[in-house]
Amino acid sequence: MVRALALSAALIATTPVFAEDGKEAVTTFTLDNGMDVVVVEDHRAPVVQHMVWYRAGSADEPIGSSGVAHFLEHLLFKGTDTLAPGEFSATVAANGGNDNAFTSYDYTAYFQRVAADRLELMMRMESDRMRNLRLNEEDILTERNVILEERNQRTENNPRALFGEQMSAAQYLNHRYGAPIIGWMHEMEDLDMDDALSFYQTHYAPNNAILVVTGDVDPDEVRALADQYYGVIPANADLPERVRSQEPPQTAERRLTFKDSRVAQPYVQRSYLAPERDPGKQEKAAALFMLAELLGGSTTSYLNEKLQFDQQKAVYTGAFYRGVSLDDTTFDLLIVPAEGVSLQEAEDAMDQAVADFIAEGVNEDDLNRIKMQLRASQTYARDNVDGIGNRYGRALTSGLTVEDVQAWPDVLQAVTGDEIIAAAREILQPEASVTGWLMRDDEVTQ
Amino acid sequence: MKRFLATLIACLVALPALAEIEIEEVTSPGGIKAWLVEDHSIPFTALELRFRGGTSLDDADKRGAVYLMSGLIEEGSGDMDARTYARELEALAASFRYNAGDDTVSISARFLTENRDEVVDLLRTTIHEPRFDQDAVDRVRAQILSGLRSDLTDPNEIAGLNFAQMAYGDHPYGSEGKGTIESVSTLTREDVVAAYEGVFAKDRLYVGAVGDITAEELGILLDTLLAALPETGKPIPGKANVTIPGGVSVVEFDTPQSVALFGQSGIDRDDPDFFAAFVLNHILGGGGFESRLMQEVREKRGLTYGVGTYLVPKDLASVYLGSVSSANDRIAEAVEVIRDEWARAASEGVTQKELDDAKTYLTGAYPLRFDGNGQIAGIMVEMQMEDLPIDYIATRNDKVNAVTLEDVNRVASELLDPDGLHFTVVGKPAGLETTN
Numbered sequence: 001m002v003r004a005l006a007l008s009a010a011l012i013a014t015t016p017v018f019a020e021d022g023k024e025a026v027t028t029f030t031l032d033n034g035m036d037v038v039v040v041e042d043h044r045a046p047v048v049q050h051m052v053w054y055r056a057g058s059a060d061e062p063i064g065s066s067g068v069a070h071f072l073e074h075l076l077f078k079g080t081d082t083l084a085p086g087e088f089s090a091t092v093a094a095n096g097g098n099d100n101a102f103t104s105y106d107y108t109a110y111f112q113r114v115a116a117d118r119l120e121l122m123m124r125m126e127s128d129r130m131r132n133l134r135l136n137e138e139d140i141l142t143e144r145n146v147i148l149e150e151r152n153q154r155t156e157n158n159p160r161a162l163f164g165e166q167m168s169a170a171q172y173l174n175h176r177y178g179a180p181i182i183g184w185m186h187e188m189e190d191l192d193m194d195d196a197l198s199f200y201q202t203h204y205a206p207n208n209a210i211l212v213v214t215g216d217v218d219p220d221e222v223r224a225l226a227d228q229y230y231g232v233i234p235a236n237a238d239l240p241e242r243v244r245s246q247e248p249p250q251t252a253e254r255r256l257t258f259k260d261s262r263v264a265q266p267y268v269q270r271s272y273l274a275p276e277r278d279p280g281k282q283e284k285a286a287a288l289f290m291l292a293e294l295l296g297g298s299t300t301s302y303l304n305e306k307l308q309f310d311q312q313k314a315v316y317t318g319a320f321y322r323g324v325s326l327d328d329t330t331f332d333l334l335i336v337p338a339e340g341v342s343l344q345e346a347e348d349a350m351d352q353a354v355a356d357f358i359a360e361g362v363n364e365d366d367l368n369r370i371k372m373q374l375r376a377s378q379t380y381a382r383d384n385v386d387g388i389g390n391r392y393g394r395a396l397t398s399g400l401t402v403e404d405v406q407a408w409p410d411v412l413q414a415v416t417g418d419e420i421i422a423a424a425r426e427i428l429q430p431e432a433s434v435t436g437w438l439m440r441d442d443e444v445t446q
Numbered sequence: 001m002k003r004f005l006a007t008l009i010a011c012l013v014a015l016p017a018l019a020e021i022e023i024e025e026v027t028s029p030g031g032i033k034a035w036l037v038e039d040h041s042i043p044f045t046a047l048e049l050r051f052r053g054g055t056s057l058d059d060a061d062k063r064g065a066v067y068l069m070s071g072l073i074e075e076g077s078g079d080m081d082a083r084t085y086a087r088e089l090e091a092l093a094a095s096f097r098y099n100a101g102d103d104t105v106s107i108s109a110r111f112l113t114e115n116r117d118e119v120v121d122l123l124r125t126t127i128h129e130p131r132f133d134q135d136a137v138d139r140v141r142a143q144i145l146s147g148l149r150s151d152l153t154d155p156n157e158i159a160g161l162n163f164a165q166m167a168y169g170d171h172p173y174g175s176e177g178k179g180t181i182e183s184v185s186t187l188t189r190e191d192v193v194a195a196y197e198g199v200f201a202k203d204r205l206y207v208g209a210v211g212d213i214t215a216e217e218l219g220i221l222l223d224t225l226l227a228a229l230p231e232t233g234k235p236i237p238g239k240a241n242v243t244i245p246g247g248v249s250v251v252e253f254d255t256p257q258s259v260a261l262f263g264q265s266g267i268d269r270d271d272p273d274f275f276a277a278f279v280l281n282h283i284l285g286g287g288g289f290e291s292r293l294m295q296e297v298r299e300k301r302g303l304t305y306g307v308g309t310y311l312v313p314k315d316l317a318s319v320y321l322g323s324v325s326s327a328n329d330r331i332a333e334a335v336e337v338i339r340d341e342w343a344r345a346a347s348e349g350v351t352q353k354e355l356d357d358a359k360t361y362l363t364g365a366y367p368l369r370f371d372g373n374g375q376i377a378g379i380m381v382e383m384q385m386e387d388l389p390i391d392y393i394a395t396r397n398d399k400v401n402a403v404t405l406e407d408v409n410r411v412a413s414e415l416l417d418p419d420g421l422h423f424t425v426v427g428k429p430a431g432l433e434t435t436n
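Line order of the protein sequences matches chains L and P.
Take the first sequence: its position 49, counting from 1, is numbered 49 in the numbering used here, and each next residue is one higher.
Take the second sequence: its position 277, counting from 1, is numbered 277 in the numbering used here, and each next residue is one higher.
Keep in mind the hints are simulated off the structure, nothing from the lab.
Hints are supplied without guarantee of correctness; some may be wrong.
[Stated by the list, open to error] Sample of chain L residues facing chain P (criterion: CB under 10 Å; computed from the structure):
| id | residue |
| --- | --- |
| 1 | D42 |
| 2 | T142 |
| 3 | R151 |
| 4 | A338 |
| 5 | E364 |
[Said to hold, decoys possible] A few chain P positions that, by computed beta-carbon distances, are all more than 12 Å from chain L:
| id | residue |
| --- | --- |
| 6 | P256 |
| 7 | R301 |
| 8 | P367 |
Each residue gets a CB set at the ideal place from its N, CA and C atoms; glycine is no exception.
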């Protein structure tokens with residue numbers, strides 16, 4: 001059991017939730033069956049968020065069944081031996097709470113926000129549907145139509161989303177991150193009961209799950225309830241190891257153009273294959289995080305200053321790095337050209353600016369400003385314990401440990417300008433990149 | 001038997017007390033009023049400043065001026081140009097967010113206790129000495145134009161604008177607050193300055209503060225920030241005439257899924273029947289998975305990913321809106337189901353169980369809203385703008401619980417107008433055509 005704060009110090013302070021150094025009030029432990037538990041306390045309001053995260057996302061799906069992780073997420077709201085279809089959410093609502101769920105590449109998570117004294121009811125129902133899901137064919141057919149409409153809404157109706165799918169598919173030669181979380185339409189149309197139940201039986205078990213409880217709760221009480229409801233579920237001894245096919249060395253620069261009559265504002269996106277945060281070894285990821293901040297994270301970032309203020313070639317620039325990921329992730333650059341600037345000119349200007357940034361080295365004032373903001377964000381984060389809980393859930397389903405999460409702020413503060421430039425030189429390689437142009441369909445490629 | 005057990009527990013356990021939110025009215029030495037919740041557990045403060053008027057203050061031929069101004073206010077002040085200003089703000093690790101809506105312009109600030117005085121000084125120059133440099137005007141204008149071009153091919157935006165034009169005509173609500181490509185292209189720095197002078201004034205100011213600050217400290221802060229504002233701003237336009245004819249209008253757009261925005265005239269926030277209408281809306285289409293529309297359109301028929309309805313009581317008009325998206329070959333069925341449910345609720349009303357469930361949810365979920373300093377500051381400002389008493393939070397659930405089945409069903413028959421419901425459908429909907 002790891003306790004992130006000294007309770008004795010906390011009890012003396014006028015604000016009992018937090019230790020005097022202002023750390024987050026996080027308690028973690030593991031049940032006997034292997035289920036991890038994270039508790040984040042905030043006693044300012046009598047509210048609790050109860051979440052269960054599964055180490056199972058779209059990248060864990062079998063080949064040919066893209067979208068089944070997300071489909072199953074929808075189906076978990078149907079029924080169990082003791083709950084009729086829809087009764088789960090109806091019961092949460094009848095208790096004045098909200099509930100929902102979400103799926104990503106590396107995780108599926110279910111949550112309820114409700115009055116703190118309803119925690120036991122939430123645990124009873126959530127632990128029930130961890131093993132006792134019951135589906136009928138009608139549920140499958142109706143809910144499959146719902147996810148097809150969800151894909152229509154999120155993706156088919158949005159050329160930027162369709163473009164993003166093509167970018168990912170081109171980036172990943174061999175890894176499942178190349179398939180969209182919601183699934184490819186033609187595979188979603190064929191998902192059936194067997195696909196859903198097979199994924200459920202393989203992945204939904206306490207030793208593949210993390211319980212995250214945040215809000216007005218006592219960690220000892222959470223532990224007692226968790227033992228009672230989740231602790232009695234046997235671990236799945238056959239839980240498969242999470243091994244996905246990995247990327248081979250990427251040796252060929254890829255380019256694509258995506259044309260759609262609905263595109264009003266063309267832009268250029270570039271992605272590079274990049275390492276993710278690894279347990280006990282987050283330094284390179286921290287350098288990439290800072291690189292994204294320095295290049296495109298704010299008004300004063302380098303691309304913004306050069307391309308919007310100085311050269312006026314862009315109306316928007318950005319740099320993004322998604323470090324929490326089980327396997328290799330991406331580092332992304334984006335430029336939306338100013339009127340009259342072609343996509344080629346915009347791309348060239350962006351590449352030149354990145355090259356200049358690397359040649360000039362990191363400005364220490366800029367780096368210190370970002371570090372100051374990161375320190376402040378730890379204070380602001382305490383106003384939103386649900387956000388802290390989400391951070392743990394994402395990390396623990398993506399191969400990181402509690403210690404990694406707690407070390408991350410210090411790892412970020414320790415990053416040097418030289419490390420950032422070294423990371424940029426190493427990762428921003430054309431051979432491992434995809435460059436995409438989003439265009440109107442009547443636009444001529446120069 | 002677990003099913004019954006769960007239900008039983010839900011009935012027996014009384015709903016929890018509301019969060020202890022003690023609101024204090026603070027009047028600064030200079031006479032500026034604010035509502036404050038002191039909470040010293042985290043060393044930062046959230047400050048919400050809201051000015052009534054919003055983009056509706058635009059002159060017809062200067063549409064988009066208030067919105068452009070709100071985007072420019074952070075582009076330099078005093079002796080700092082945009083880049084120097086941004087560096088200063090980032091170094092203080094504070095955030096100032098600006099929002100220009102139909103009825104208000106808001107400034108949402110968040111700052112640490114350790115450098116509060118410096119942040120307040122920066123915010124003071126932001127409000128009182130914005131530069132509106134010509135290069136910043138041009139740069140931000142280009143960003144807005146880029147967004148407006150994207151809106152032209154976004155089915156949700158197309159639906160919203162078409163519905164607004166139909167419902168509000170020449171009133172400012174009938175056009176896009178961001179302006180049009182034509183109007184924004186011709187706005188000048190002088191227009192921006194005029195918008196600035198019209199928006200920020202004491203006669204339309206509402207303030208909420210939450211966090212690590214005392215009443216005395218807040219009083220001084222308010223005078224520093226706001227005492228020098230002019231007494232009065234630009235006159236706010238009159239009420240809009242809402243004209244929503246029943247029927248369907250189809251806006252042809254080549255996309256696989258049709259987006260439908262539907263609505264009818266609504267009910268004012270200060271109407272004695274507002275709470276009954278609020279509960280009714282929850283049951284019909286506002287209440288997430290449990291609402292009738294969600295059950296009928298999504299859960300039973302799989303016609304959509306989401307359908308919802310919203311009472312929209314704005315300052316100058318009240319409407320009742322909803323939205324749904326379905327594949328082009330299925331949207332007609334979704335529209336039919338929604339219209340049928342509208343008619344069923346109008347003629348048959350709701351059941352006692354639906355009313356009880358709605359009350360349990362609405363009263364139980366109310367405390368969940370107060371989940372952060374910024375949210376609480378925003379809620380307090382809304383309460384002031386709606387002229388609610390300072391103890392409203394403690395009495396609000398009683399008002400919900402006081403709604404009777406007779407109230408809801410009377411309001412359902414009076415408010416819901418199935419024949420007056422209009423659907424604006426953007427896409428290539430099979431089996432739907434523009435009526436009349």
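Would the hint on L/R151 stand, with a C-beta cut-off of 10 Å toward chain P?
Check passed: Cβ of L/R151 comes within 9 Å of chain P, closer than 10 Å.
Please confirm whether P/P256 is truly not at the interface, meaning its C-beta sits more than 12 Å away from all C-beta atoms of chain L.
Violated, because the least Cβ-Cβ distance between P/P256 and chain L comes to about 5 Å, which does not exceed 12 Å.
Is the hint on L/D42 kept, meaning its closest Cβ partner in chain P is under 10 Å away?
The hint holds - L/D42 has a Cβ within 10 Å of chain P, the shortest such distance being about 9 Å.
Go through the hint on L/E364 and say holds or violated, using the shortest Cβ distance to chain P against 10 Å.
Not OK, violated: L/E364 not within 10 Å of chain P, min 13 Å.
Interface restraint verdict for L/A338 against chain P (beta-carbon cut-off 10 Å):
6 Å, holds
Could you check that no beta carbon of chain L comes within 12 Å of the beta carbon of P/P367?
6 Å, violated
Would P/R301 pass as off the interface with chain L, using Cβ distances and a cut of 12 Å?
7 Å, violated
Does the closest beta carbon of chain P sit nearer than 10 Å to the beta carbon of L/T142?
4 Å, holds
Hint violations for this structure: numbers 5, 6, 7, 8, all remaining hints satisfied.
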